[in-house]
Amino acid sequence: MENIIRLTPPLSDEAVASLKSGDRVLITGTIYTGRDAAHKRLVDLLDKGEELPIPLAGEIIYFVGPTPAKPGKAIGSAGPTTSYRMDSYSPRLLAQGLKGMIGKGGRSLEVRAAIKEHKGIYFAATGGAGALLAQRIKKAEVVAYEDLGPEAIRRIEVEDFPVVVINDIHGNDLYEQGVIPYKKD
Amino acid sequence: MREINVSEVVQAVSRLCVDANYNLGDDLNQALDRAAAVEESPTGKDIIEQLKENAAIAKRDQVPICQDTGLAVIFVDLGQDARVVGGNLNEAINEGVRQGYRDGFLRKSACHPFTRANTGDNTPAIIHYRLVDGDTLKITVAPKGGGSENMSKVVMLKPADGVAGIKEQVVEWVRQAGGNPCPPTIVGVGIGGNFEKSALLAKEALLREVGSLNPDPELQSLEADLLEAVNNLGVGPQGLGGRVTSFAVHVKMLPCHIASLPLAINIQCHAARHKEAVL
Ligand code: SF4
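Just so you know, the protein sequences line up as chains Y and X, in that order. Mapping of the first sequence onto this note's numbering: residues 1 to 185, in sequence order. Mapping of the second sequence onto this note's numbering: residues 1001 to 1279, in sequence order.
Chain Y on its own, in the form it takes in the complex (with noise of 0.2 angstroms):
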């Protein structure tokens, strides 16, 4: 069984370049969420040279529209959505000093281009465990754009929440690698 590796953002360029592809890894601390709508609003901001509603630097967003929270929850259930629809806002976003990125699914080559340049890193959830997933988040917190119900920007916390290292700076890409040796012709 291979080591698992335990992070805490803010992420320096050394612990993102320490990641592999494959690894598997427990992200503890605060993150964000964010999906199609929210990033669409960050990269506007940036367009028009405004300041953004969250800090990127060494930060970590996590794609995630949450079913709404059952009195007494932190969070309703929370796992991954599909990472291509926020690969033609991604590279903005690592060029300002984003480190990671959770989802789901392969990324553009644009997106891949930008992990190496940027020294970042893409992480895949497990989707469709949504409820699992809610149970490592600790606590959230609508942090901008609230009129987007499910697609708001939280800040939550997180507990020991599983993910899977999928591209790393070096440019591997798991989804390709994976495959490969359990591919049968």
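One or more of the hints may lead you astray.
[As the list claims (entries may be wrong)] According to the in silico footprint, chain Y covers these stretches of chain X (three or more CB under 8 angstroms from chain Y):
| id | region |
| --- | --- |
| 1 | 1065-1075 |
| 2 | 1177-1186 |
| 3 | 1265-1277 |
No lab work stands behind these hints: they were computed from the structure. Idealized CB from N, CA, C, for every residue including glycine.
Based on the hints, put chain X with the ligand in the right spot on chain Y.
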């Protein structure tokens, strides 16, 4: 004629929306157990264990299995000797969806195609009516998430493409979909009919119990061939590599036009949610 009041429909739909989103079917739980036994990839095994635990947490805490609680896809089998009274059946179904998604703390995912403005209550539902024998009303609620629905297509093959062409299309499509539709998946395949009928056949195929055999021997062997081929892709759980890309391939087929060979592929993620009730 037996009369069925719309108020019963509202209640049933509301309850089924919540039930489907919280409680994974026994067939899927068993499919996860079988997958755990055959998966060879350590990461893949880990994911299957997470999915089993996830289903157990959802059931125990009565929370959604997945945060994408889907558009509400609803099949209505209306017996021709039954009559719906007390209001409009379409409206009753949508009211049931409204109540279920509100009271069950389910995510509302329906929006305007251009502005993306959320309709706020997950309506309109996607409703398919079928007229059947008898005097009952059967309702099947099958919430469908966007991730796996996006990995779907209809292609009008040439008759000369034949079974080989169908196999090639399905396998290549599953390969391209990779991790996007949250594998392990169920691959719904609709063959024949026409353009829109093939899509509906593919969707209906997803409702069959996982682990059950196709009653048509020809399709039974096609399903087995396709399942072996998609699992040999190595895509595996979540697309990270492994033996179990799909739990099952389900095929439905109808005669088609002499000039056509319609093929539809509708992928269902492991969160294969559907519940039914008979009124
Ligand atoms: S594809 Fe299915 S399991 Fe995956 S996020 Fe969407 S609804 Fe959930």
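Please write out, lowest number first, the hints stated earlier that are contradicted by the structure. none
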